[in-house]
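A.B. asks: So the chains spell out like this:
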Amino acid sequence: MRGGALPLLAWACLIGALMTANAIWTGDTIQIESFAGALAVLLLWALALTASNRDAARRGAPPAGERSRPQRIPDLSTGAVGAALGVAAAVFGLAFGHFLIYFGCGLFALSLGRLALELRAEKEPRE
Amino acid sequence: MGALVETSRQYRHLFDIYVPIALGVFALVVVILAVVIVRYRGRKPEQAASWHEHNPLESAYAVMLGCVVVFLLYVTYRAEHQVDTVAARERPALTVDVYGAKWEWHFHYPAYGIDRYSGSVGHETLVLPTDEPIRMRLVSLDVIHEFWVPELRYKHDLIPGYPQDITITFPDAGSFPGQCAEFCGLYHSRMTFTVDAVSPASFAAWARAHARRSTAHAASGGVRIGAHVAASAPARLGR
Amino acid sequence: MNVTAPALPTAPRLSGWLGAATSTDHKRIGLNMILASLAFFLVGGVMALMMRTQLATPDTRFVSDETYDALFTMHGSTMIYLFVTPMAIAIGVYLVPLQIGAATIAAPRVALAGSWTWLSGGLIMQSGWLTEEGPGRAGWFSYVPLSNSSNTPGVGQDLWTLGVILAALGMLLVAACVLATILRHRAPGMAVLRMPIFTWTELVTALMVVGAFPVLIVAMALLYAERMGAHVYMGYTGAIDYQDMFWFFGHPVVYVMFFPYLGAAAEAIAVNAHKRWFGYKAFVASMLAFSALSMSVWSHHMFTTGGVTNQYFAFTSTALVVPAGIEYFDMIGTLVGGALVFRVSMLFALTFFVQFLIGGLSGIYLASPVLDYQAQASYIVIGHFHYTLFAGSIFGFFAGVYHWFPKVTGARLREGLGRVHLVLLTIGTNMTFAPMFFLGEKGMPRRIAEYPEHPGWATLNLVSSIGSGVVALGVAAFLVNVVVSLREREPAGDDPWLGHTLEWATSSPPPRHNFDRPLPPITSYAPLLDLRERAAEAEGAHARRLAAGSGGLGPSPAERSP
Chain U
1 MRGGALPLLA WACLIGALMT ANAIWTGDTI QIESFAGALA VLLLWALALT
51 ASNRDAARRG APPAGERSRP QRIPDLSTGA VGAALGVAAA VFGLAFGHFL
101 IYFGCGLFAL SLGRLALELR AEKEPRE
Chain B
1 MGALVETSRQ YRHLFDIYVP IALGVFALVV VILAVVIVRY RGRKPEQAAS
51 WHEHNPLESA YAVMLGCVVV FLLYVTYRAE HQVDTVAARE RPALTVDVYG
101 AKWEWHFHYP AYGIDRYSGS VGHETLVLPT DEPIRMRLVS LDVIHEFWVP
151 ELRYKHDLIP GYPQDITITF PDAGSFPGQC AEFCGLYHSR MTFTVDAVSP
201 ASFAAWARAH ARRSTAHAAS GGVRIGAHVA ASAPARLGR
Chain V
1 MNVTAPALPT APRLSGWLGA ATSTDHKRIG LNMILASLAF FLVGGVMALM
51 MRTQLATPDT RFVSDETYDA LFTMHGSTMI YLFVTPMAIA IGVYLVPLQI
101 GAATIAAPRV ALAGSWTWLS GGLIMQSGWL TEEGPGRAGW FSYVPLSNSS
151 NTPGVGQDLW TLGVILAALG MLLVAACVLA TILRHRAPGM AVLRMPIFTW
201 TELVTALMVV GAFPVLIVAM ALLYAERMGA HVYMGYTGAI DYQDMFWFFG
251 HPVVYVMFFP YLGAAAEAIA VNAHKRWFGY KAFVASMLAF SALSMSVWSH
301 HMFTTGGVTN QYFAFTSTAL VVPAGIEYFD MIGTLVGGAL VFRVSMLFAL
351 TFFVQFLIGG LSGIYLASPV LDYQAQASYI VIGHFHYTLF AGSIFGFFAG
401 VYHWFPKVTG ARLREGLGRV HLVLLTIGTN MTFAPMFFLG EKGMPRRIAE
451 YPEHPGWATL NLVSSIGSGV VALGVAAFLV NVVVSLRERE PAGDDPWLGH
501 TLEWATSSPP PRHNFDRPLP PITSYAPLLD LRERAAEAEG AHARRLAAGS
551 GGLGPSPAER SP
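Residue numbers (this note's numbering), protein chains in the order written: chain U, 1 to 127; chain B, 1 to 239; chain V, 1 to 562.
In isolation and in its complexed conformation, chain U is listed as follows:
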């Protein structure tokens, strides 16, 4: 985790400089807006990262023996796949037929339920 926010911030500085040059040189609104959008994503990400762990903004290597929380992700996730396919079916339905939109939303809802179950099972204490 240590130093994780730094590449984001370094890159954000470069993007900021290029955006500033663009703003001065072109004054083109949509161009500046696009740059600003990208910059916002980077800065928000860096902020979120640092908020979750102050180490992210420090230089250096992750220290030895740093214990990260064991990841208790299941080996399979039908919920994730179902959610993706549900969204895709609904989008496909926009072009091809409303029944697909209903089907897709239904699949998405079911998959969210499945994901909720997966998340709950992960939180159960291990024996």
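Honestly, the hints are just simulated from the structure, not real lab data. Take the hints with a grain of salt, since some may be wrong.
Where chain V lies over chain B, by a calculated footprint (3+ residues, C-beta under 8 angstroms) [as the list claims (entries may be wrong)]:
1) 19-25
2) 108-120
3) 154-166
4) 173-182
All C-beta atoms, glycine included, are put in the ideal place defined by N, C-alpha and C.
Position chains B and V against the provided structure of chain U, taking the given hints into account.
C.D. replies: Below, chains B and V without anything else, positioned relative to chain U:
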């Protein structure tokens, strides 16, 4: 005042700088690679050196590359200034309105009332004088098209609803193909035209001869800039 | 040493296909995307062969004009949205956790959902072939107003638009997971400035995806709304705004389609030179600069519109020379002083650097507006980007394939067949794309289904078309190599090439959580090489002590160093 801006000459001038540099860089890298490959092949892994950086050398190299960039930008901006800014200030000897619509060109000479059509239906040449600046006012009547005469080494977009002026000069007489260069749908490949570049005297004669015959056509409602095509376009133009 | 605990399965075990499709193992997710991308490569390749057949002579009428328009649109769209870009991200999904000593990718379910979203988008896009008017046919960039519903009617173009949205969204989610993994899950000792070269290329790639892909999704969603009747892109401003938004994505994506393959080629070169990559710090700085610049050059695609400030974009585009030059310097610096072995992976990597250079130099030419006024929308551009993407990136891709195939499958690819593959592909790509520079110079525009009998055009087109056949043979040789190598396996072991980075410190293929043994100490971006060098030093010092008869008193220099 100075000489007229010729897009083809500006292009050739830059081409003669960029392409030799590119070929030279390519040849240099290939030769270096060949030498290095031959020199260091077939050695035992233990013989491989362990040094792996040289920041002073690399920084100097980066600075050198920066100088190359500055040089390229200098010649680039000089040429671009000529083609985009200086040419636009020239007083044109002729103005031609260029309308693009799927899949035809309509060239209109407002000073003479001449109309020429070329593309998927018919192929009337675009007659233009040499050695004189010509203002072309480009506008599309539907989708984005692009006016390209390879001989000029220059092209520009025709965008719907927004006329844009370009200024071109033909240094040499001749018959030169032209083509729509921005994909515009089914018969994009047939949206071609031919430029007949003739001496200014020949052009004047041609224009006088055709003007008489075309004035009647213009009076009957030839297309004007800004007017939507559907209202006044000749039947041939459009989809 | 930090290996996360084994996961707790909460779903009943699904066997076979279903298990592979829903697995949260990043290696499975990555491999699925890789295989799907390869399938799309073949589909897109067939489209290319059909186009080259049509263009072989001026009078060939192999397909109708309408089909030709669909072919070039879908060829470009398939190759970009469904092959080279997703492949670049997918190889990161597989390799990055291994390279940084992580047991898994960050948010595996998001990556899994993203991969399925991408695949669905691809299938929806291709489903247009089954509709009456055919699939998308307004070009892979789908400019307005051509791509609105009055100029390009039909549900096929709608499906194309929706397909692009889903494919881009899917790739965005997957790349975000790769980024999060790099930022959060590096093993102890793996400082950001000790990450391997390939991981760095994936890092800057993921940054570009995260910065640029959302704009594409917005642009395409608005286009879909436009096609459904909303008046979004109106007049001149609308046309220019669409292009600005499209290319804000469209330029970074071509660097997404480059950096990971550059990283793969770099790893292959370093390992086959038995020398760590030269100029690491300069390389990292240049990667950050290169990728940031790539976000600022996009309107060089719009030089001829008159709607953007050409000088700014000429500046940023030409400035790309600096980081690009650094990479080449580092490549040469890696080879100099090395002990070079010419395995197929090395040969592909070297060919990548040479051929990409042609693409890169032609790119700098295009960065100059006055030169671009001639070359834009001509075959010069087609030559340029096929040299960077095919003769360049895909050769880097194959370098990575030959390099990492043993790690992924446990078996080596055949070297002999590999050389056949390389030679055919090299001849084929040069035969196909070199003539295009000359065709463009002679005035041949892109995206035309037929061309007139201008001098030289027919011969150059014929050579190019024959070349495409040679390319097809090269790809076939590769497929044969894969099948043969998997049928009659030559076991590879953990580290067949004396690799430098952590993926070689585990079994081939790696176990479910990547490392079931302690990680070696991470002392640089080439930890395994460090280990071997120190061992060699210790051995040498020990031998020297024995020879000098010192009886082993006191620590050796190698034992003293940290």
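A.B. asks: Test coverage of the stretch 108-120 of chain B by chain V using CB-CB distances below 8 angstroms; three residues minimum.
C.D. replies: n = 0 at 8 angstroms, threshold three: violated.
A.B. asks: For the stretch 154-166 of chain B, count the residues whose Cβ lies under 8 angstroms from any Cβ of chain V; is that count three or more?
C.D. replies: holds (count 9)
A.B. asks: Holds or violated: the stretch 19-25 of chain B covered by chain V, criterion of 3 or more residues with Cβ-Cβ distance under 8 angstroms?
C.D. replies: This one holds; 3 residues, not fewer than the three required, reach chain V with a Cβ under 8 angstroms.
A.B. asks: Is the listed coverage of the stretch 173-182 of chain B by chain V valid when you require three or more residues with a beta carbon under 8 angstroms from a beta carbon of that chain?
C.D. replies: holds (count 5)
In this structure, only the earlier hint numbered 2 is contradicted, and the remaining ones agree with it.
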